[in-house]
Amino acid sequence: MPRKLPLKERYALLTRDLDWEPSYVSKSDLFPYTSYEGIKVHDWDGWTDPFRLTVDAYYRYQAEKDKRLYAVLDGFSQGQGHLGLSDASYLNAIKLFIQGVTPLEYAAHRHFAFLARYLEGPAPRFAAMCQSIDELRHAQTQIHTISNYNKFYGGFHSWSKMHDRVWYLSVPKSMFDDAMSAGPFEFLISISFSFEYLLTNLLFVPFMSGASFNGDLPTMSFGFSAQSDESRHMTLGLEAIKFLLEQDEGNVPIIQGWIDKWFWRSYRLSALVAGMMDYMLPKPVMSWKEAFELYFEEQMLNGLFPDLDFYGIRPPRHVQLAITEKDKLSHEVYKILHNFSFAAAFTTQTPSPEHMDWLSAQYPDTFDRYYRPVWDKHRRTEEAGGRVFFQGLPQLCQVCQIPMAFTEPDDPSVLSLRHTTFRGETFHFCGDGCQWVFEREPEKYVQAWLPVHQIYQGNCGGPTVPDVLAWYGIQPGDNGEYKGSPDAQSWAQWQAASMAGGKA
Amino acid sequence: MSVKALYDYDFPSADRIENFGNDQLVYVHWEGNPLFCSSACFRVPRAMPFGEFVTAMVHPWASSDPDFDPALIWGWKLFGEPIYPDPAAPLESLGIGHKALLRFTAK
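Those protein sequences? They're chains R and G, same order as listed.
FYI, this note's numbering numbers position 55 of the first sequence as 55, with every residue one higher than the one before it.
FYI, this note's numbering numbers position 57 of the second sequence as 1057, with every residue one higher than the one before it.
The hints are simulated quantities; they were obtained by calculation from the structure and are not laboratory data.
Treat the hints with care, as some may be off.
[Stated by the list, open to error] Below 25 Å or equal to it, Euclidean Cα-Cα: the simulated DSS-like pairs (lysine-lysine) are:
1) R:Lys151 - R:Lys483
2) R:Lys40 - R:Lys242
3) G:Lys1099 - G:Lys1077
4) R:Lys151 - R:Lys67
5) G:Lys1004 - R:Lys444
6) R:Lys444 - G:Lys1099
7) R:Lys377 - G:Lys1099
8) R:Lys27 - G:Lys1004
9) R:Lys173 - G:Lys1099
10) G:Lys1099 - R:Lys242
11) R:Lys173 - G:Lys1107
12) G:Lys1107 - G:Lys1077
13) G:Lys1077 - R:Lys40
[What the hints assert, rightly or not] Going by beta-carbon spacing under 7 Å, a handful of chain G positions derived as facing chain R:
14) Ser1002
15) Val1003
16) Phe1011
17) Gly1021
18) Ser1039
19) Cys1041
20) Arg1043
21) Thr1055
22) His1059
23) Trp1061
24) Ser1064
Note that beta-carbon positions come from the ideal geometry of N, C-alpha and C, so glycine has one too.
Could you put together the complete structure from these sequences and hints?
This is the structure in structure tokens:
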């Protein structure tokens, strides 16, 4: 029987001795993608992985976590756990999650598999392979976790098709497409560093804490199951950036450009999470503003960036713009979703008076002045039997693809509308951040598949709203106003039945 | 700066005017009305008279606001510049081209 080696030694053998020098092809033929971005790596062995996982250890950990998660899922499903949610409207956040986030896990799985083949060093290749398998596991376990709700509620079917077609899902999809169509080093900085390190706590934690506050045990358990993977991914992100910065001084300005671009791209995507946090959770956890201050300003700006200063890296360009938006971002985004939920696979509603009081307490400088009057008008309209929807299609930002609803840094009542001309054509942006991203690589963003323009080109099922909704895979009742929706009606019946059952 | 690639990176714009036949896209922003999250986007013939554009496209959209009164529309701007369009003039003759942004107020 072979001698059982210590883990550290096995890791060294796995990531060093399984590497070889090519003999019948050149190194640049074997690894064709690692030079054109201008990044120079002199010593791939300089990459150190603090986790030092091996294949057998990796599978053992993951199998144990899966076992625990699936036990929770079975128990929740057998015990009709969905009836213990805070309210059926909570599930709108989870619809957004499976439509918008789960397909990103799958996309990440694909591209980390690509890196596991094409990075030159054996240690980063192995780290990328583990992350690729993690991301696939996340996609699968999220689908299994959330599929239980599909038996009882609208909007949980067809999410994969929706991710490719529906207007608000083009926001996450196009961001990942942007990263996947970049070179391998830019992908590492975009997804591993900017998305998973800088903003992961803003993008991921709100869904999981929202789940725990609102009685969604399965989603919370999924969160726990993914947590150790996520911390490994964050470590990969930080290791990647430090490794590349240490390899060559010429890498610094290239990486700074990517940090500037990908902070803004990821931050813009997080706007959807901001709207979810402040408006979609019947029992809110913390406000977007509070989360932004804690997870981004304190932990990243004040914690991480002083360390990176040593390498000559400064905080992301446009970070001040993001800070000026923290009092208004969620309100502007939920306004979009509320205006357009007739064309979404979730429902929205005007916040209740109690919810508005919570918002007012969280946003003392802006809520009562800018947003409460608009919600009051919605309330009056709804009390008269109406419901305000945007009877048309919105203007989209060419880069983030979000309707152009963001406002000037110094005035929350004025839309920040930017445009530029490239090759004789006009392009519009939601603000300075997206305009700057466009102007770095206009040849890339002129190709954007903007859902509104595609509808007008006749590429989305037909000219009418029902045509487009059918093409999106949105079924009647998935969309629109929450109050009176099929979900709301079923919920009221089930709650009444369980009350009656309790009395008997 | 431009895109770094392993090949000649040259692709057409997805929304070039040729993709819209005789039509074009026009955006309209109702300034000072916070009920609407954003400007609206319309596909219209380039030869459509401005007055018809307003009544056929802008009015139905603006009616999303139950308080909308078409008689109160004024203050048209093309991008940031004030314009005083002849209702009979075609959009293209007024300089309202593909993906132009119009603004108005209604108070």
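**Study point:** Hints that the structure is at odds with (numbers, increasing)
**Key:** 7, 10, 11, 13, 17, 21 and 22
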